[in-house]
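Taken in sequence, the protein lines are chains W and G.
Mapping of the first sequence onto my numbering: residues 507 to 616, in sequence order.
Mapping of the second sequence onto my numbering: residues 10 to 128, in sequence order.
Hints listed in this document are in silico derivations from the structure and should not be mistaken for laboratory results.
Mixed in with the good hints there might be a few duds.
Taking lysine-lysine pairs in the DSBU-like style, the calculated list, with each CA pair at most 35 angstroms apart, reads [unchecked claim]:
#, chain 1, residue 1, chain 2, residue 2
1, W, K597, G, K28
2, W, K613, G, K49
3, G, K50, G, K31
4, G, K49, G, K27
5, G, K50, W, K603
6, W, K560, W, K597
7, G, K50, W, K597
8, W, K597, G, K31
9, G, K49, G, K28
10, G, K45, G, K27
11, W, K613, G, K31
12, W, K613, G, K50
13, W, K597, G, K45
14, G, K27, G, K50
15, G, K50, W, K560
16, W, K603, G, K27
17, G, K45, W, K603
18, W, K613, G, K45
19, W, K560, G, K45
20, W, K603, G, K31
21, W, K613, W, K560
22, W, K560, G, K27
23, G, K49, W, K560
24, G, K28, W, K560
25, W, K597, W, K613
26, G, K49, W, K597
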Amino acid sequence: GIQVEQSPPDLILQEGANSTLRCNFSDSVNNLQWFHQNPWGQLINLFYIPSGTKQNGRLSATTVATERYSLLYISSSQTTDSGVYFCAVEKGSGTYKYIFGTGTRLKVLA
Amino acid sequence: ETGVTQTPRHLVMGMTNKKSLKCEQHLGHNAMYWYKQSAKKPLELMFVYSLEERVENNSVPSRFSPECPNSSHLFLHLHTLQPEDSALYLCASSQGTSRTTSGSRDTQYFGPGTRLTVL
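Based on the sequences and whatever the hints tell you, model everything.
Dropping the structure here:
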């Protein structure tokens, strides 16, 4: 099956700093999502981005499908950005079978 | 608020108990999912229902029994669980309705989870 690896596993930032999170996947995929899981366990979807670049406020994401990776950029980080960031991929379209990465745990210090 | 609710939020049960987890989505979606999240492990897909029909079952032990009575509700019935089943159980939904579905219709929306402890 597809392997999904995220790096770095842990990241500590000072408030206001920028960061880049990476998601590598071992096979071609049809769908890719980025999620943020807050300290209370709630997963919020950030981007649906099987290819290309999207931006939403201080967050942006780029997926280069041909090279099998996706990047999540966080600019001017805030303490509320703390939590775990997951990418999830779906190999086929409409298979409903999403494979999640191991996540990047981010802590933003005030 | 994602439009997906789960109850209870916390559950402590003994190994001989029977309990059920409930998920409800208010998004008009056609697909619903159960995931298990254990400490230090990625989310594991357990079950998927599309239009109330089970389309995915990831070799989950029979002590977990899903039920999808309609497209808005999903249950996970638990019986004779083991301590290693303690985890966060997450429900999700997506709009997708068929295996040819593509695009953002596959975007998943998650509930807040039920934190289960098995004693």
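Hint check results:
no.: 1; hint: W:K597 / G:K28; result: holds, 34 angstroms
no.: 2; hint: W:K613 / G:K49; result: holds, 16 angstroms
no.: 3; hint: G:K50 / G:K31; result: holds, 23 angstroms
no.: 4; hint: G:K49 / G:K27; result: holds, 27 angstroms
no.: 5; hint: G:K50 / W:K603; result: holds, 17 angstroms
no.: 6; hint: W:K560 / W:K597; result: holds, 21 angstroms
no.: 7; hint: G:K50 / W:K597; result: holds, 20 angstroms
no.: 8; hint: W:K597 / G:K31; result: holds, 29 angstroms
no.: 9; hint: G:K49 / G:K28; result: holds, 25 angstroms
no.: 10; hint: G:K45 / G:K27; result: holds, 18 angstroms
no.: 11; hint: W:K613 / G:K31; result: holds, 32 angstroms
no.: 12; hint: W:K613 / G:K50; result: holds, 19 angstroms
no.: 13; hint: W:K597 / G:K45; result: holds, 20 angstroms
no.: 14; hint: G:K27 / G:K50; result: holds, 26 angstroms
no.: 15; hint: G:K50 / W:K560; result: holds, 28 angstroms
no.: 16; hint: W:K603 / G:K27; result: holds, 28 angstroms
no.: 17; hint: G:K45 / W:K603; result: holds, 14 angstroms
no.: 18; hint: W:K613 / G:K45; result: holds, 24 angstroms
no.: 19; hint: W:K560 / G:K45; result: holds, 29 angstroms
no.: 20; hint: W:K603 / G:K31; result: holds, 21 angstroms
no.: 21; hint: W:K613 / W:K560; result: holds, 24 angstroms
no.: 22; hint: W:K560 / G:K27; result: violated, 45 angstroms
no.: 23; hint: G:K49 / W:K560; result: holds, 29 angstroms
no.: 24; hint: G:K28 / W:K560; result: violated, 42 angstroms
no.: 25; hint: W:K597 / W:K613; result: holds, 31 angstroms
no.: 26; hint: G:K49 / W:K597; result: holds, 24 angstroms
When held up to the earlier numbered hints, the structure conflicts with 22 and 24 and fits the remainder.
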